[in-house]
Structure formats: structure tokens, C-alpha cells
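One letter stands for each residue in the lines below.
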Amino acid sequence: MKAQPDSTGCREAPVLKERGQREVFCGLTGIIWLHRKMQDAFFLVVGSRTCAHLLQSAAGVMIFAEPRFGTAVLEEKDLAGLADANEELDREVARLLARRPDIRQLFLVGSCPSEVIKLDLSRAAERLTEIHAPHVRVLNYSGSGIETTFTQGEDACLAAMVPHLPHSDERQLMVAGALPDVVEDQMLKLLADLGVGPVRVLPARRVDGDLSVGPNTVVAVAQPFLGDTLEALERRGARHLPAPFPFGEQGTTAWLAAIAREFGVPEAHFEAVTAAPRARARKAVASASENLRGKTIFFFPDSQLEVPLARFMTTECGMRPLEIGSPFIHKGLVGPDLDMIPAGPIISEGQDVDLQLERCRAQRPDLTVCGLGLANPLEAEGLTTKWAIELVFTPVHFYEQAGDLAGLFSRPVRRKGLLRMEAAE
Amino acid sequence: MKLTVWTYEGPPHVGAMRVATGMKGLHYVLHAPQGDTYADLLFTMIERRNHRPPVTYTTFQARDLGSDTADLFEVACRDAVERFNPEAIIVGASCTAELIQDDPGGIAERMGLDLPVVALELPSYQRKENFGVSETFLQLVRHLARPMERTARVSCNILGPTGLGFRHRDDVEELTGLLHEIGVDVNVIAPMGSSPTDLTRLGAAHFNVMLYPEAAEDACRWMERNLEQPYTRTVPIGVGATRDFIAEVGRLAGIANPRTDESRLRLPWWSASVDSTYLTGKRVFIFGDATHAIAAARIARDEMGFEVVGLGCYNREFARPIRAVAREMGLEALVTDDYLEVERAIEEASPEMILGTQMERHIGKRLGIPCAVISAPVHVQDFPARYSPQGGWEGANVIFDTWIHPLVMGLEEHLLAMFREDFEFHDEAGPSHHGGHAPRPMAPMEPANASHAPAAGEAAEPAATPTAAPAGGEVIWLADAEKELRKIPFFVRGKARRNTEKFAAEKGLSAISIETLYEAKAHYAR
Ligand code: SF4
Ligand code: SF4
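Those sequence lines, one after another, are chains A and B. For reference, each letter of the first sequence is one residue, going 205 to 629 in the working numbering. For reference, each letter of the second sequence is one residue, going 5 to 530 in the working numbering.
For the record, the hints were derived by calculation from the structure and aren't laboratory data. Watch out, some of these pointers could steer you wrong.
[Claimed, not checked] The calculated BS3-like cross-link candidates involving lysine-lysine, where the alpha carbons are at most 25 Å apart (straight line), are:
| hint | chain 1 | residue 1 | chain 2 | residue 2 |
| --- | --- | --- | --- | --- |
| 1 | B | Lys499 | B | Lys525 |
| 2 | B | Lys6 | A | Lys322 |
| 3 | B | Lys491 | B | Lys525 |
| 4 | A | Lys281 | B | Lys6 |
| 5 | B | Lys511 | B | Lys487 |
| 6 | A | Lys487 | A | Lys620 |
Based on the provided sequences and hints, a complete structural model is requested.
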């Protein structure tokens, strides 16, 4: 059964706001991909053993020799007096920077404990910038679980960088959002072929990039969780180009089209540049989504990618969403995607995990997208799941990844059909 | 403040979770922010559990601070009791909640709940995961266990196994069989597999088997004092230790000549067969939790014929016993939870093999030293589908296989040396049974799995090359010596290089010739 297109879409659908136990990561988790993206940056979490353990568990046990992140673990004596905590922090930073001369930007990342004891990391960042300038720039943001949910950590990080960007009056496009390098390169090539430029990417791979912002900057957002970053850019005079997010053939085309319109790219030229990759993406999605069509899908809140992904699953893979849960629904960003999803599914924001599990069990979706803590238990109950975190760590944006994206969802469904353990007779 | 990159132990509330998740009918109400729910995935992904851990997190947010976090706790507590209907609950705070001082224990006790409430005090800024396990288990035992009439037949409790434990599932099975053969019944196995109601029956056993001291020593001591139950001191990992354990059980159970069926035990003959002469004198570095490291040291020296060149543990609580064992082996124990320090010590000792944790496996990868895993911290690979205990007779067999797996096999070692320049059979190929897993200068990414999906598609960071130029650069390698060095099989090359440089430095030489290389070889020959 194919979802019926509906002129109203989901933008005006009532949002079920939940406030109960959550089963989501905190914003510290973003460090796992941000530190790979910004190659001269170090992320120093000021937190507890729990924070260090979270990072380690999310990163797998030690994938990198010496990663560009670490946790300054607060100890009993740091809790006793803030003066000492600041002194200790200065000492640890000095030690770190002496050992890692390749570090050009240092992020002090706030955690729940540092925020509860009111350790002022913005003052610390100013102080440390003075000490270590001009070689190292020290910024701060919060990745704490009391302030941020999972991908909001990236949002907080990028938003912290915006006030420090040089001013520019140049007419330019800025793309906001950390993308895997291979995807970013594909995107830059598409934009160059369209004749759009200059293009700046936030975050830049290195601190001394050519990044700048000003009133003639237009912003295309590549990740749906960058609400604060967008606001910060708008405060610097930049203007947002609302569009669906670049997932799948349709999302990518709509996203590029918004930019093309803004930069006056002739329609025929747009067609010429996008025709071939569009056809490729359509074909790849068609074959990867074969066993998804007509099936139902349920999203637990995780990364804020839920709405755009639900849009992709609905309009390109023929699935019917039952519930689209997201930690936070920023209509200014995901509105265009919501417009494309036919009315029907529950749209929920926040979480009360036990109630949501009851809804999920009652509806028995064909595919449930959820976090790692829930996936195996739900599989054991006979549901088919896709762990959401993979959608954040895998290249999934733009045309060439459209088939892979559909494949991530179809593999669990396919596996379910493949496994047979009964006796032949 | 201490800069930490990788940690051997999680925070203490994760220890409490390991107890709760191992048990049945117990629920943990944890005052904690949302991000702390990451700990669930340790159990559901790494251990592949098919149930969510029995933990309710209050997930308070910044906007709740100062107003109603205590109410939030109370509501969460009441809801959890209603929803999950546990036999008992444990309540406590994570590191953040400890700072806001809502006193979860006090709140829960005042709520008048109709079930045992055990309040946990786990100081997050001082202690770690193993303490959390031990303290939680102790508190449960104190609240629930009572002196009572002993079972008619001689019986014991097996204490220490938890959720997320290194091979606990299989050790328990192996030990239960062993005790059965001796003629001792198992009364309660705890925490793993037991319910709070089961814990009330602990007192019926005649004695306790302390399987993992990290988890159970405090509880065993308490039960010795309050329930008059003696407990075993030997951890039955390895052939000799298992024999000692059987004798100890015999004494405690009043069985004169305890016997078990040794027909399944293969390690002694496997170690004594000719192929194993290639194991003789292999230099091994051992690091893990104290219990497993101590057991491994004895097996390595006495049951495999290895030379132990380094021994240490990351849990300070057990510094004393491991120091004693190290001293007896003529070593100084390395007691640290600083992973970089362990790496330095291993580089320094340049062993031929590491027996360590998943952390040391990575160190081994970087230094090109084979490594077998003997201890937690655990990883998805430490929960194999097949039966693979560490303890008892089958445990000894498993350990033999596990330890020699990363090594180049006996004859193969000679062939590699003989044909080291053969284009196909060259030494960089590593052990032939490892496929793509030969040590490479860069830490290779392994197949994606649960806990490291994040890195998918990203290249590993370049690792330090083990064979760096000598410090200070005073000693240089002449070209022909360098070429000769390259003919030495890769798995001993690093050591040969370091030894030669050390030798040259000691002799005050400024350049290394082929002559120096072989002089050094003779000097260090064992
Ligand atoms: S890459 Fe992943 S699976 Fe392989 S050893 Fe490292 S953490 Fe374990
Ligand atoms: S939720 Fe808070 S305390 Fe927990 S890991 Fe995240 S920042 Fe640290």
C-alpha cells in the first residue's frame, strides 16, 4: 500500500510533546565525528569518569592511537574550590598543548558536572586564549546531557565558532554541517558544476581556512540539527535558504534547487548538471528499497535526522511512517520535509521511553529505527530494527549515497527474510 | 583534574548496573542526566543482551535544576516500581546527581514503598566501576541475607559473576560442574542469575566460593563474620590454581579426598608436546584486572613455560596481592590505570607477546606485538557464542588455545625465517591462519561491529612506529647493518633493533655494523 499524497503534509500536525525518561546520548558524542572533521582541533571535555566512559563507549574501545579528544576528569579536590579547578584546568591545557604542537584550536567542552558546579568555561577559554595566542585559539561549548541531546553537541560547537568568524561582504554560499570528507567533496563538485561560488563550509577542516560571514552570505544547512548555529549565522547577517535536506534523489535535488534559484542558475544548466546523478540515485534507491515498499516504519528520537529521513523513506522508498519521534523539532529547518510527508503519522518531540515502547509494540511496525540501547531488546521481541547511530556515522547525504541510505534500512528487513533455522522437514 | 583518554573502568554506577543487570527481579532507579543512558548499550550491544537493563534513569535536565529534581526522582521511582514490579530496588546517584545532593536513598526510604529499598553511596569522584560492583553486592547481601539453617547436604554459594563480566557466564557453568563432581551442591549463584529472594537464602550454604574477588571479596568477608560462612581464596583459573581450589573446597566441605574428572583437561599434554617447545621462554607482558593477571602469571610461567617480563593491574584496590606475585617473579608490579603508562612499560619491556585487555590489544597492534585478551574491559568479541570459560579444566584448555592463537606456530616460525625473502611467503605476512590480521605499522580498522560503528569509513590515525631512530640520534645504523636487520623476521625485528641500539650505547659505539648486530645478538641470547 502506497502512502497517499496529501496536500496538507505534516507541518501543521499537532506535536505530541513528551517529557519523561529519555534514552538518548548527550551532546558530548558529537566529538567522535567532529574531531575527525577538524584536523587541527582538540576537544577537551571537562567532566567526570562517566563522560570519559561515554566517549570511549561511543567510539568503540580505542580506535585511534591517540585521539584528538580527552576528558579532564574532575576530582574531589576540584569540586571543593573553583579557584583550584581553574588552576588545574590551566595546567592540564598547558601540558596538552606542549605535547601536541599540531593543535591550533582547542574546544573546552562543558559537561553536566562542570555545569552543575558552575565552572565558567567561557571565562576559562578567554583566559587560555590570551595565554596561548596566537598559536592556539580556545573556544568553549556545552555538550552536557542536561543541556544537549546527541547531535545538539555539533550545533553548540559550530554556534560557538560563528562569533569568531571574520566578517566579509562577499556574496557567498555557506554550507553548514559536518559531512564526511567524501560527501563534502561530492557536494562541492556539484556546486562548482552548477557555477555556484564561492562556497564556504562550516566547520572548515582547518582553523586557518577561508571561512567568513556577513550580510551577503546565504546559508544552506546540510544537517537538520543546526538550529542554534543558524541563529548565530543570522545574527551575523547571513540569510537562510530553507529547503528539504539533501537525502535521496528528491531531497538532494530540492536542496540544490533552492541554491540554484538563489544564484540564478539557468534551469537547463541545472538539468544538465543533475540529470545523470539523479538518474543514478533513482535507480539505486529503487533497487535498494524494493523490500521496503508498502511497509511501516517507526522512529524513536535520536539525532534529529528523523524528520528528513522519514521524508526520504516515505516519498522515495514507499514506506508509511507510524510515528516520527525526534528529540527536538525545529520547524524552521525541517518544515519543508514535514510538508512532503503525508499527514497521518504521530509526530512526537522529546521522549518518555516506556510509553513510546508501548506505542511501538502496539503498532508492530515493520521497521523500528532506534538507539543501540533499545535495538537488541526489540529484535528479541520480534521487531525488526535499524540502529539510528549508524545513520549519523555513515556517509548518507547527496545523490551518490542515496542507494546506500536506502540500503541501511533495507538490510535488516532483508536479513529477516534470509535467516532460517528450522529443520528442512 | 586528570587528563584521561581511555579508561579501564567506568564510573561506579556502571558497576551497580552490572549487578542489577545480572540479577532478576531487581530494579535500579538511578538519578542521572539523559546522556548517562549510554550505559545501556554496553549490555544490549556488547553483551548482546535481549532485554533492556533494569534501570530507570531520571534524566533530569538543566531546567529542572534547583526546582524539582527531587520530585522527579520520586516520580521516576514510583513509576518504576509500578511498571516493573520488582522484588527489591536499589537507588543511587550518578556523578552529576551526586553534586546536586537530592539524596535518592533518603527519598526512596521515606516513600513507604512496599519492598526492600537498598540505598547506594557510590562516590563517583573517588571510586570506579569495580568498587561499584563490590559495594552494590555487599549492600544487597547486608540487606537481604540472614543466618539460617544450613542445607542438609554440603553446599556453597558461587559469588562474583555479574552482567558484562569477562567470561562469567561460562565460568559459572564450569565451576558448577566441578563442584558437583566433588560432591558439593550449589546453593545460590550471585549476583548473576539470582533474584533478591534468592539472596535471602544465601545463609543456607556451608561456605562461599569467591569466584572474582573484585566483585565478591567484601561480601564474602561480611558473610564470614555475620553468617559464619568461610570462603575460598583461590581463584580456579589455570591448572595449578584449579587443583589448589579443589583442595581448598575439600577442606571447607569436609571431603577428605576431593576428586574431579580430569579426562577433559588437555593443557598439560598440549604444553608438553613437541610442537610447544616454540613456546618455551617466550617473553610475555601481563596486564589486566588483578585476579586475571595473577592467574595468567602463574599459567604463563608454570603451565606454558613462558618468561613473564611484566605484570600489572589497573585496579589499585588489589595492588598488594599483585605486588606480592610480581616480587616472587623478580618483577616490580605496574599498578596504574593510565593507559599511556602501560604502553610505555610494554614498549620498554619489548615482549614477544602481550596478555592483556582490549586496550593492550591495540597497543600490541601498534607495536606489532601479538596479544591475547585475558581480562575485562570487555568488548563484543569477549562474548563468544561458543562455550569458552577461563576457569576449571575447560578454562585451561580455552586459555591454551587463546594464547597461542596470535603467535606464529612452531614450524611456521622457522619457515618464515628461512624463506623470509620469498615474495609470497614473506615475513610481513604474519601468522598464516590470521588472514588480513597481520600486524601492520598502522592500526588497521577491523570489521564494523556494534561498539565501533562510529569510525566506519574513517582511516585510523597514523600510529607511532615502534622502530623509531634512537633517542638523541647518537647511534646510527650503517647501511649494510640496516639491510641485515631487515632480514630478521618482523616479529622480533623491533626487539633486535632496540637491543642492538642499547648494546651499542652501552659499549659507547656511535655506529652499528653487521658485526655489532651479531655481537648484540650473542650478548642477549638466552
Ligand atoms: S577496531 Fe573495534 S573491534 Fe577491532 S579491536 Fe578496535 S574496538 Fe575492537
Ligand atoms: S550526560 Fe552529562 S555526565 Fe553523562 S556523559 Fe553526558 S555530559 Fe557527562
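Q. Given the proposed pairing of Lys487(A) with Lys620(A), does the C-alpha separation stay at or below 25 Å?
A. Holds. Lys487(A) to Lys620(A) sits at ~24 Å (cutoff 25 Å).
Q. Given the hint that Lys499(B) pairs with Lys525(B), does the C-alpha gap stay at or below 25 Å?
A. holds, 10 Å
(Q) Holds or violated: Lys511(B) and Lys487(B), Cα atoms, limit 25 Å. (A) Holds, at roughly 22 Å.
Q | Holds or violated: Lys6(B) to Lys322(A), with C-alpha atoms at most 25 Å apart | A | holds, 19 Å
Q) Keeping to a limit of 25 Å between CA atoms, is the pair of Lys281(A) and Lys6(B) held or broken? A) holds, 11 Å
Q.
Check the hint pairing Lys491(B) with Lys525(B) against an upper bound of 25 Å on the C-alpha distance.
A. holds, 14 Å
When held up to the earlier numbered hints, the structure conflicts with none and fits them all.
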